[in-house]
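Novice: Below are the chains, spelled out letter by letter.
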Amino acid sequence: MAAIRFSNVSKRYASGQDALLNLDFELESGEMAFLTGHSGAGKSTLLKLIMLMERPSRGQVWVGQQDLSRLHRSQIPYLRRQIGVVFQNHQLLFDRSIFDNVALPLQISGYDPADAARRVRAALDKVGLLAREKHNPITLSTGEQQRVGIARAIVHKPRLLLADEPTGNLDPQLSEDIMRLFGQFNQVGTTVLIASHDLSLINRMKHRMLTLRNGRLVADG
Amino acid sequence: MAKKEIPAQAPRRGAQQHRIGFADRSRSWRRHHVQVAKQALVRLKQTPVASLMTLAVLAIALALPGFLFTALNNLQALTSGWDPEPRIALYMRTELSDQTIDSFSRELLLREDLSSVELISRDKGLEDFRRYTAFADLLDHFDHNPLPAVIMVTPLSTDPTTLSPLQAELQALPGVSEAQLDMEWVQRLNAIIALAERGSYVLGGLLALAVLLVVGNTVRMTIESRRDEIIVSKLVGATDAWVRRPFLYSGFWYGLIGGLLAWVLVQLALLMVTAPAQALADLYLNRFEVSGLGLVGTFSMLGAAALLGLIGSWLAVTRHLNEIEPGES
Chain A
3 MAAIRFSNVS KRYASGQDAL LNLDFELESG EMAFLTGHSG AGKSTLLKLI
53 MLMERPSRGQ VWVGQQDLSR LHRSQIPYLR RQIGVVFQNH QLLFDRSIFD
103 NVALPLQISG YDPADAARRV RAALDKVGLL AREKHNPITL STGEQQRVGI
153 ARAIVHKPRL LLADEPTGNL DPQLSEDIMR LFGQFNQVGT TVLIASHDLS
203 LINRMKHRML TLRNGRLVAD G
Chain B
24 MAKKEIPAQA PRRGAQQHRI GFADRSRSWR RHHVQVAKQA LVRLKQTPVA
74 SLMTLAVLAI ALALPGFLFT ALNNLQALTS GWDPEPRIAL YMRTELSDQT
124 IDSFSRELLL REDLSSVELI SRDKGLEDFR RYTAFADLLD HFDHNPLPAV
174 IMVTPLSTDP TTLSPLQAEL QALPGVSEAQ LDMEWVQRLN AIIALAERGS
224 YVLGGLLALA VLLVVGNTVR MTIESRRDEI IVSKLVGATD AWVRRPFLYS
274 GFWYGLIGGL LAWVLVQLAL LMVTAPAQAL ADLYLNRFEV SGLGLVGTFS
324 MLGAAALLGL IGSWLAVTRH LNEIEPGES
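Chains as they are written, first to last, in our numbering: chain A, 3 to 223; chain B, 24 to 352.
For reference, chain B alone in the conformation it holds in the complex (with noise of 0.2 Å):
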């Protein structure tokens, strides 16, 4: 029927058609990104049930380790509110005289690695313990006084290495029975956060894995459904990034959408502990508000979740695509 519209050269022109130029392809590559995006959203909607059963497992797997980073960094801001000044106890011996041990506390203020001195006589000491224990009786069981002076000084550096030896220099001089660091506590706790953090990375580094072993898996499955796409668009000319991009946008939306639920848990989950954690704050002091995920929490655990699910689906393309090829259909 067009074979009176060919001129003589016809044969020729089946083959010089159709040069796409560079900016026409960079447009339709954006165009495609666009579509491809757009449709992967779509494919979710279509099957409900299935999308929100994987989602929930990746919100609940994703909201664990965002919800412990939360309660750690809560506890860290907890911890470093409390004075975290180091203090040495310096137990003097119970015979020295009152006069010497005062002559001896006006000496430690003339050091200068120390910031402060305060001295509690003995008198004190008692003085404090019937007033602050309930063993007030015991001492009446003794004919003296059994309490030793106590000088408390407050060294200037806060660094532990320089702490040590200062207390051991300081429990060396004479008329010091026992020089007591009372940071030890701080210290302990501090390890034990320490080690819930390590632990939290491991727990959130195992929970990651199982994000991209989902994705991945969920992905694995829609290529399969797909077969027949992949292998049609292979032999009409699909480049290998073409065919593996609608399922690293489906991917990236698991990814997208588990960690934006994730978040809501989270908050929710905050929402619940936060009463009683204010409560318990609130026996020790009263400057302490605890802190939800806040917007650089929220973008990382946003950002790591979309990261997981690109990577997730890029496994299971990268993996199963080279196995469909047109040639051994």
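Looking at chain A on its own, in the form it has when it is part of the complex (with noise of 0.2 Å):
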């Protein structure tokens, strides 16, 4: 079964741009996959097309069963709460401790607190911050704060895991961690699909590469 597919999918902005053309490809459940190309070559509007922060402009996009196209407005938290995702820029919240930035996923889901905070630790144990739990994600470093995006993206144990340029701004070693970490993930049956243009480390992960230019799919495998 495709975890993910894209349908002659194309998306133009209201300026005029096109930023993504024609696409065609299906990741397959259990996979793990790299996007790669030059910025504004169309990988993070991919990313946010699954996500639904953007609609496609023709096409459909499939997220396991459904259909992308038909679900209302109403039904995309539903739709988020499947994914997880890691963005470049992290999105951490610092009116709070590590613990509730990571537990706001479970909390918008409904879990049961002591459940939450069970499974909060684990995602902490596996980044490998757990002792760091209490603190605000401010005293924290760029790769830190990454790894802590990373707990929060995984808390939930999402079917699929989606990550915009997670290894940024890290230097070489820290971003080999993080591209381990995510190989993990997969171990475990997660779907992953990663937006990164650091070509030097993803050739060295040995997984399939689906590369974008101009918003064309030009090279998959």
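Source of the hints: derived by calculation from the structure; they are not laboratory data.
Take the hints with a grain of salt, since some may be wrong.
[As the list claims (entries may be wrong)] In silico DSSO-like cross-links for lysine-lysine, where the CA-CA straight-line distance does not exceed 27 Å:
| # | chain 1 | residue 1 | chain 2 | residue 2 |
| --- | --- | --- | --- | --- |
| 1 | A | 159 | A | 208 |
| 2 | A | 159 | A | 136 |
| 3 | B | 147 | A | 136 |
| 4 | A | 208 | A | 128 |
| 5 | A | 159 | A | 128 |
| 6 | A | 136 | B | 61 |
The task is to assemble the complex, starting from two chains supplied on their own in separate frames and drawing on the hints.
Specialist: Structure, rendered in structure tokens:
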């Protein structure tokens, strides 16, 4: 079963710029793939279409069994609960502890607090930040903040994990650690799609690579 | 690190792990309400000066109509305490003899639409005039008594629609020079009170609008300051209702606390007014007591205040929350 399917998808912004053109691809459930291309090639737009942060101008996007074009606005939250996202700017909230940042998706989905706490600690343990749970994320280094962002993305065990330039500001060693972390999630069955332009790192990972250029898929493999 | 623990069918695991049952969901819904209500209150305390300013404005806007309504209620209680019995004064022609007038008044007694008849003869009228007015000397200029005999009648019905025809009927009786309905000043007072009541509704409506705007604006600023939180929440699957909830609660608290402060203001104002009002009332009658908002008044005031806060924040939230979508960031 395909975890993600793009069928002849195009996205043109109101400015007239074509972000994506006739995109066709499938990502199998349990697969891990990289999405590469220069900045402005359409990587972020592609991820936004999966999250329904944007709607395609043409074509259809499927997440699992769901045709996103049929999804009403009120159903978008439930789609997003099935997906974990890691952002380049990690989008952490500095008015609360690391623990509370990671707990947010569980709170929103309505988990029992005790159960949620257990899951948050497990997620923080996985990214190696359990000892810092009570700290404010502002006290962390960029790499550590990124790891909190990852913990938040995987805390509810999503079936699909998206990451937009997760190693953007990190040194090579940290980047490799983070990528290895994604690999681990993939090994327990999560479908992973990572947008990154760090080619040297991606080449070492030996996963499927989707290359975008000017909104078109120019290489797949 | 978790690799060795994975069963063969691992790829499906991530997708099916967490279905949340209805009972859990409703429990978490209630939990979120309680939590958010508390947090909204804590947030008010976190910016004490700004919160107090807003609350003071709300309290004044709510106290004004509250005070007006209380004052009007008291005024109505006061006038209803007054004898509402309308009386008609029949001024008799001066050329009639005392005897004729006396027998005329006896005839009136037989009428079924009158409950009492009281004759004030010309002599009695003169006597009263001398006793109660400062113009007694005036009468010395007359060589005969200029006052007419007056028959005061009390109609059985107090309904204004039957009073006017009755007045006309009595006026037409032979011997009556004029029949005067002596309720007009009460009617005038009631009309004034009704006008004041209507006016206070208008004022109340305008001030309610002010409360909506103040709460709406305050909540709008809160929304703006929590923009990041809203975006992140929406990205990890928060529904509109979930995002809206904290703001609705802050609106509710603003309204309720503003209402409580307004209540205190009204009570203080009443305390200041009571003594002079009592003194004034004592000049006319002695069984009047100034009443406060009362239980019903208090609860309707608090309820209205909380409701206005809720509506104000609802308006702000529906208007501004849709503008904050993760897509544009």
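Novice: Does each hint hold? Answer for all of them.
Specialist: Against the structure, the hints come out as follows:
At most 27 Å may separate the alpha-carbon atoms for a hinted pair to count; residue 159 of chain A and residue 208 of chain A meet this at roughly 24 Å. Taking the CA atoms of residue 159 of chain A and residue 136 of chain A, the gap is near 22 Å; set against the 27 Å cutoff, the hint holds. Distance check on the hinted pair: residue 147 of chain B and residue 136 of chain A sit about 97 Å apart at the alpha-carbon level, beyond 27 Å; violated. Only pairs whose Cα atoms come within 27 Å are accepted, and residue 208 of chain A paired with residue 128 of chain A is accepted, the gap being roughly 23 Å.
Between residue 159 of chain A and residue 128 of chain A the alpha-carbon distance is near 12 Å, which keeps this suggested pair within the 27 Å criterion. For the hint pairing residue 136 of chain A with residue 61 of chain B, the CA-to-CA distance comes to about 21 Å; that is within 27 Å, so the pair holds.
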